[in-house]
Structures are given as C-alpha cells and as structure tokens.
Amino acid sequence: MATIPRYPQRFLDEHAAWHRNMSMNARAGDGIEFLRFHRDFMRKSLRWYNKQGLSRRRVAPWPSIPLDIKRHPRWTPGLQAAEDRVTRNLGSFSSADELGRFLLTSFLHDTVHVIGAEVYDDPDFGQIDLAPRSTLFYNWHGLIDRWWEQRE
1 MATIPRYPQR FLDEHAAWHR NMSMNARAGD GIEFLRFHRD FMRKSLRWYN KQGLSRRRVA
61 PWPSIPLDIK RHPRWTPGLQ AAEDRVTRNL GSFSSADELG RFLLTSFLHD TVHVIGAEVY
121 DDPDFGQIDL APRSTLFYNW HGLIDRWWEQ RE
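Numbering-wise (our numbering), the sequence shown opens with residue 1 and increments by one.
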C-alpha cells in the first residue's frame, strides 16, 4: 500500500491515454479490450518493477476483495451481488468480453479503486492518471486477471 518509487512517467501516460481513448460504454468488445489492456500493461509494468528489486509480495494479486473495502459504508448490496456473481457464478458470463463489460458497468472495478484509495489512505489508487504507481493497482488488477484466467 505504497507509491512505487521512481515509477516511470511513460507508464502513467500510457495508462491514462488508454482510458481517455476508451469509450467505456460497454459496447461489444469493450470488456475484452479492458481485460487485455490491463493484463498486457501489468506484465510490462511488473517487468520493470521486478528489475528494481522491489518486494513482489507488495504487488501480488489479492485473493479476494479485502474486507476493509467491503466494510466501507459505500459498499452496497449491489456491489456485493456483483462480486458474488463473479466469484460464485463465473460460468454465467458467456465470454471474457461479457465479464469485462460487467466489471465496468456494475461499477465494481471503479468502486474498488475509489473505496480502496480511501480505506488504505492511498489517493493515487483512486485516480486514473496515477493508479499504476500504487501497489494496490497490481493487487486489484491481479485479482481481476485471475478471474479472467478462471473464466478462460
């Protein structure tokens, strides 16, 4: 739960540009694009991170959404239902694209960023332009990537 030291500006720029150019209005293809971009982005960014000799444990995927986030007053029954669908009924998604679109349209993805930033006192995690320099970004997107792997 820390800012990654000396995190390259080029990675921040790449992530911010992708989000600026992505429609995020849940058209067919948007979900798989979201999943692919973040998987590829994490691989590239974590290659750099590992070369810095920093703790891999700090960027390991969460095993599940942390209780600290789920106990927050803004964690709603709708968000819990969204998480339950992903964790208990992953087969209900007809494709990876549907999974990705669901993560976006259910607000699960964004809300974990926003609540996590507050709960862990890491404002970077809640800002598109800065989130990748937070270790929480890799914890959260690593979990999302695991869900995608399980769906595949």
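Keep in mind that the hints were calculated from the coordinates and are not lab data.
Keep in mind that this is a model prediction, so the values were computed, not measured.
For every residue, glycine included, the Cβ atom is placed at its ideal position computed from N, Cα and C.
Treat the hints with care, since some could be wrong.
[Said to hold, decoys possible] Using C-beta positions, here's what the derived DEER-type ranges look like:
| # | residue 1 | residue 2 | range |
| --- | --- | --- | --- |
| 1 | P73 | Q9 | 29 to 39 Å |
| 2 | D110 | S64 | 36 to 46 Å |
| 3 | D13 | A81 | 31 to 41 Å |
| 4 | S64 | R39 | 18 to 28 Å |
| 5 | R85 | G29 | 18 to 28 Å |
| 6 | P77 | R10 | 34 to 44 Å |
[Stated by the list, open to error] In the EDC-like style, the derived pairs of lysine to aspartate or glutamate whose C-alpha atoms are separated by at most 16 Å in a straight line are:
| # | residue 1 | residue 2 |
| --- | --- | --- |
| 7 | K51 | E33 |
| 8 | K70 | D97 |
| 9 | K44 | D84 |
| 10 | K70 | D84 |
Which of the numbered hints above does this structure break? 2, 7, 8, 9
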